[in-house]
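In order, the protein sequences belong to chains A and B. Quick note on my numbering: the first sequence kicks off at 72 and runs consecutively. Quick note on my numbering: the second sequence kicks off at 171 and runs consecutively.
Derived by calculation from the structure, the hints in this document are not laboratory data. Every residue gets a Cβ at the ideal spot worked out from N, C-alpha and C, and that includes glycine. Incorrect hints may have been included.
As the list claims (entries may be wrong) - Output of the computed footprint for chain A on chain B, the stretches with three or more beta carbons under 8 Å from beta carbons of chain A:
id, segment
1, 249-262
2, 265-274
3, 476-483
Unchecked claim - Label-pair restraints from in silico Cβ distances:
id, chain 1, residue 1, chain 2, residue 2, range
4, B, SER476, A, PRO305, 51 to 59 Å
5, A, ARG297, B, ASN297, 27 to 35 Å
6, B, ARG183, A, ILE365, 53 to 61 Å
7, B, GLY411, A, PHE300, 47 to 55 Å
8, B, PRO456, A, TYR97, 52 to 60 Å
9, B, PRO449, A, SER274, 17 to 25 Å
10, A, ASP295, B, ASP242, 17 to 25 Å
Said to hold, decoys possible - Counterexamples of contact, computed for chain B against chain A with all Cβ distances above 12 Å:
id, residue
11, PHE195
12, LYS196
13, ASP242
14, GLN279
15, SER337
16, ASP346
17, ASP353
18, GLN359
19, ASP362
20, GLU423
21, ASP427
22, TYR486
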Amino acid sequence: MTERLQDIARKIVGPLYSNRRLIKYYWKRTRRNKLALLGLAFIMFLILLALIGPFFTLDPTLANFEETNFPPMGFAAEKSVYSIESSELTTTTISGIWKHPLGTDSKGRDMLAMIISGARISLQVGLIATGIAILLGTIIGVLSAYLGGWADNVLMRFTDVMMTFPFFLLLVLIVFIFGPSLAFIVLVIGLTGWTGTARLVRSEALSLRTREFVTAARASGASDGRIIFRHLIPNVTSLIIVIATLSIPGVILAEAALSFIGLGDPTVASWGIILEAGQHSLDTAWWVAVEPGIMLFLTVLAFNFLGDGLRDAFDPKSNI
Amino acid sequence: MEVNNLKTYFFTRSGVVKAVNGVDFKLRRGECLCLVGESGCGKTVTALSILGLIDSPPGQIVDGEVKYNNLDLATCSPRQLRQIRGKEIAIVFQDAQSALNPVLTVGDQIIEQLQIHLSIKQGEARNKAMTLLDEMGIPSVERVMSSYPHQLSGGMKQRAMIAMSLSCDPQILIADEPTTAVDVTIKAQILDIFRELKTKRQMSLLFITHDLGVVAEIGDRAVVIYGGEDVETAPVSEIIGNPKHPYTAGLIECLPDISKATDRLTSIPGATPNPVELPRGCSFHPRCPKAMEICSRQQPPQIIISDGHKVSCYLYQRST
Numbered sequence: 072m073t074e075r076l077q078d079i080a081r082k083i084v085g086p087l088y089s090n091r092r093l094i095k096y097y098w099k100r101t102r103r104n105k106l107a108l109l110g111l112a113f114i115m116f117l118i119l120l121a122l123i124g125p126f127f128t129l130d131p132t133l134a135n136f137e138e139t140n141f142p143p144m145g146f147a148a149e150k151s152v153y154s155i156e157s158s159e160l161t162t163t164t165i166s167g168i169w170k171h172p173l174g175t176d177s178k179g180r181d182m183l184a185m186i187i188s189g190a191r192i193s194l195q196v197g198l199i200a201t202g203i204a205i206l207l208g209t210i211i212g213v214l215s216a217y218l219g220g221w222a223d224n225v226l227m228r229f230t231d232v233m234m235t236f237p238f239f240l241l242l243v244l245i246v247f248i249f250g251p252s253l254a255f256i257v258l259v260i261g262l263t264g265w266t267g268t269a270r271l272v273r274s275e276a277l278s279l280r281t282r283e284f285v286t287a288a289r290a291s292g293a294s295d296g297r298i299i300f301r302h303l304i305p306n307v308t309s310l311i312i313v314i315a316t317l318s319i320p321g322v323i324l325a326e327a328a329l330s331f332i333g334l335g336d337p338t339v340a341s342w343g344i345i346l347e348a349g350q351h352s353l354d355t356a357w358w359v360a361v362e363p364g365i366m367l368f369l370t371v372l373a374f375n376f377l378g379d380g381l382r383d384a385f386d387p388k389s390n391i
Numbered sequence: 171m172e173v174n175n176l177k178t179y180f181f182t183r184s185g186v187v188k189a190v191n192g193v194d195f196k197l198r199r200g201e202c203l204c205l206v207g208e209s210g211c212g213k214t215v216t217a218l219s220i221l222g223l224i225d226s227p228p229g230q231i232v233d234g235e236v237k238y239n240n241l242d243l244a245t246c247s248p249r250q251l252r253q254i255r256g257k258e259i260a261i262v263f264q265d266a267q268s269a270l271n272p273v274l275t276v277g278d279q280i281i282e283q284l285q286i287h288l289s290i291k292q293g294e295a296r297n298k299a300m301t302l303l304d305e306m307g308i309p310s311v312e313r314v315m316s317s318y319p320h321q322l323s324g325g326m327k328q329r330a331m332i333a334m335s336l337s338c339d340p341q342i343l344i345a346d347e348p349t350t351a352v353d354v355t356i357k358a359q360i361l362d363i364f365r366e367l368k369t370k371r372q373m374s375l376l377f378i379t380h381d382l383g384v385v386a387e388i389g390d391r392a393v394v395i396y397g398g399e400d401v402e403t404a405p406v407s408e409i410i411g412n413p414k415h416p417y418t419a420g421l422i423e424c425l426p427d428i429s430k431a432t433d434r435l436t437s438i439p440g441a442t443p444n445p446v447e448l449p450r451g452c453s454f455h456p457r458c459p460k461a462m463e464i465c466s467r468q469q470p471p472q473i474i475i476s477d478g479h480k481v482s483c484y485l486y487q488r489s490t
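Build out the structure end to end from the sequences listed, making use of the hints.
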C-alpha cells in the first residue's frame with residue numbers, strides 16, 4: 072500500500088521535479104504575457120480569499136436592522152427614515168464605516184462577508200462543474216478517436232445532439248421539478264458542458280493514435296484501456312488545462328445568470344444571488360448589485376487572460 | 171515461426187492496395203532471418219501483420235497463416251494475440267523517437283512493459299529495467315531511467331527501445347530497420363547488440379532492412395521481397411555470392427565497389443510497382459533485364475535451386 076502511494080506521489084511530483092527545466096520554460100513563456108500573470112495573481116488572491124477569508128469576516132448571514140444600507144467606505148448615501156411619531160420623512164446623509172468596509176445590504180448584512188463567502192461558492196461551482204465536464208469530455212473524446220468507426224460516429228452524433236440541446240431549458244425544468252438546489256445546478260452544467268471538450272480532445276487524439284508509440288504500445292501487448300489511460304490521455308493534458316481554464320468563467324457566469332433570473336439556490340449566497348437581491352434596491356443601495364458584479368467581471372476576465380496565456384505558452388508554434 | 175502465403179490488403183478508395191501478396195518464410199530457433207527489399211515492397215506490413223497490428227479498416231489479412239507454437243496468429247482471438255505481443259514476439263521499431271511515448275520517462279515505459287506481462291512488484295520491475303538498460307551498454311542507467319525520450323540521444327533511445335522489447339524475454343524479436351535512423355557508429359553498436367542477443371539468448375531474429383551490408387553482417391538467411399512477394403530465399407552467403415533472381419542480382423550489382431573506379435552508381439531501372447495495380451505475371455518483369463515472353467503472362471513457379479535456396483523465376487525452370 073505504501074509502495075503504491077509512494078509510486079503515485081512519485082508520478083505526480085516526479086515530473087514536476089525532474090522536469091524543472093520544462094516547467095521553468097513554460098513559466099517563462101507565460102510570464103512574458105503580463106495580462107496572464109495578472110490573471111493568475113488575481114485567481115490566487117481569490118482562492119486565498121475564499122479559503123481563509125471567512126475566518127476573519129463577520130457572519131454573512133447575520134442580519135442587523137440597525138445598520139441597514141450602509142454605503143462602502145469613502146462613499147456617502149442619503150437615507151430616508153419615516154418616523155411614525157412625527158409622521159415625517161427625515162433624510163439623513165450617512166457615510167461608510169470601518170465596521171462594514173463594503174457597506175451593508177437592506178437587511179444590514181455585511182457586504183464584505185457576503186462577497187467573500189460568495190467567492191467560495193462561485194469558485195466551487197466553477198471548479199466542480201468544469202471538473203465534471205472536462206472528465207466526461209476527455210473520456211468521450213478519446214474513446215471516440217481511439218475506437219473509430221461506428222463508435223466514433225455514434226459518440227460524435229450524440230455530442231452534436233447535446234450541443235444543440237438548450238441546456239437553459241433543461242435547468243429551468245429541473246429547478247421547476249426538484250426545486251432550486253446548487254448541487255443540481257452544478258451537476259446539470261457539468262453534464263451538459265462537455266461537448267466542446269469532447270470535440271477538441273477527439274481531434275487531438277485522432278492525430279495521436281496514428282503515432283508510432285501507440286502502435287508500439289499495442290505491439291507490446293497493452294490493452295485498449297491501458298493505451299487510452301497511459302498513452303493517449305497524458306498526451307492531451309496541456310490541451311485539457313487550457314480548455315479547463317477557459318471554461319471556468321463560463322460556468323461561473325452561467326450560475327450567476329441563473330441566479331439573476333431567479334433560478335438560483337436561495338439558501339447559498341453566491342455572487343449571482345447577491346446581485347439579484349441588489350437589483351431591487353439599485354436606487355437606494357447601488358453597491359449591493361455593483362460589488363458582486365465587479366467581482367464577477369474581474370474573475371471572468373482573470374480566467375480568460377490566464378487561459379489565453381497558457382494556450383500561447385503550451386503552443387510550440389507561437390512565438391511569444 | 172512459419173509464415174505461409176500471407177496476404178495483407180488495404181481497401182482504400184483508390185483501389186485495393188496489395189501491400190503483402192503471398193509471402194512465405196520460416197524462422198528457425200536462434201537464427202537471424204533478414205527480410206530484404208526496397209522501400210514500399212511490404213517488409214514493414216509483413217512485420218505488422220505477424221503481430222496483428224494492421225489497422226482495420228482499411229487493412230486486412232485476407233489470406234495465409236502465421237504459425238507460432240501451433241497457433242495461427244492471423245486468426246486467433248485478440249486476447250491471445252495480446253498475450254503473445256511483447257512476451258513471445260517483440261518488435262523494435264525503426265524510429266525510436268516516435269515509438270517512445272513523449273510524456274513518460276524511459277524507466278516508466280520499461281516498467282510498464284514488464285508489468286503488462288509479468289506479475290512483479292514495482293521495485294522489482296525497476297531493478298529489472300535497470301539491469302536491462304545496463305546490458306544494452308548504457309552508461310548512467312539511473313539518469314536514463316528518469317529521462318524523457320527527448321532528453322536522450324538517438325542511439326540511447328534505440329537502445330532503450332531494444333531493452334524494452336527484450337524485457338519479457340521474447341522468443342522472437344522482430345527488428346524493423348532498427349539501424350536506419352541512427353548514424354554509422356551507433357549502427358555498428360546496435361548490430362553488436364543484436365549479434366550478442368542471438369548467440370547469448372538463442373533468440374530468433376527477424377531483421378527487416380534494405381541494407382545488404384547489414385544483411386551480410388548479421389543475417390543467417392535472407393528473404394528478398396519484391397512487390398509484396400518473396401522472390402528469393404537463401405542463406406546469406408548464397409544471396410550475396412550466388413544470387414539467382416534477376417532482382418537480387420540487381421540489388422547486389424547496385425552495391426558500390428571500392429576497388430573499381432566509377433562515375434555513377436549502378437541502379438535498377440524503373441521504380442517499385444504500384445501496389446494497387448501490380449503487373450500481371452511476375453511483378454518484376456517490366457524492370458527485368460532477362461524478361462521473357464512468359465513472364466508477363468503467368469506467375470513464375472517457385473524453383474528449388476539447392477537445399478535452402480529457392481527462387482521464383484522462369485529462368486531456372488529447365489535446369490531443375
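Against the structure, the hints:
{"no.": "1", "hint": "249-262", "result": "holds (count 8)"}
{"no.": "2", "hint": "265-274", "result": "holds (count 8)"}
{"no.": "3", "hint": "476-483", "result": "violated (count 0)"}
{"no.": "4", "hint": "B/SER476 to A/PRO305: 51 to 59 Å", "result": "54 Å, holds"}
{"no.": "5", "hint": "A/ARG297 to B/ASN297: 27 to 35 Å", "result": "22 Å, violated"}
{"no.": "6", "hint": "B/ARG183 to A/ILE365: 53 to 61 Å", "result": "58 Å, holds"}
{"no.": "7", "hint": "B/GLY411 to A/PHE300: 47 to 55 Å", "result": "53 Å, holds"}
{"no.": "8", "hint": "B/PRO456 to A/TYR97: 52 to 60 Å", "result": "56 Å, holds"}
{"no.": "9", "hint": "B/PRO449 to A/SER274: 17 to 25 Å", "result": "41 Å, violated"}
{"no.": "10", "hint": "A/ASP295 to B/ASP242: 17 to 25 Å", "result": "22 Å, holds"}
{"no.": "11", "hint": "PHE195", "result": "20 Å, holds"}
{"no.": "12", "hint": "LYS196", "result": "22 Å, holds"}
{"no.": "13", "hint": "ASP242", "result": "18 Å, holds"}
{"no.": "14", "hint": "GLN279", "result": "9 Å, violated"}
{"no.": "15", "hint": "SER337", "result": "9 Å, violated"}
{"no.": "16", "hint": "ASP346", "result": "10 Å, violated"}
{"no.": "17", "hint": "ASP353", "result": "20 Å, holds"}
{"no.": "18", "hint": "GLN359", "result": "21 Å, holds"}
{"no.": "19", "hint": "ASP362", "result": "23 Å, holds"}
{"no.": "20", "hint": "GLU423", "result": "33 Å, holds"}
{"no.": "21", "hint": "ASP427", "result": "36 Å, holds"}
{"no.": "22", "hint": "TYR486", "result": "38 Å, holds"}
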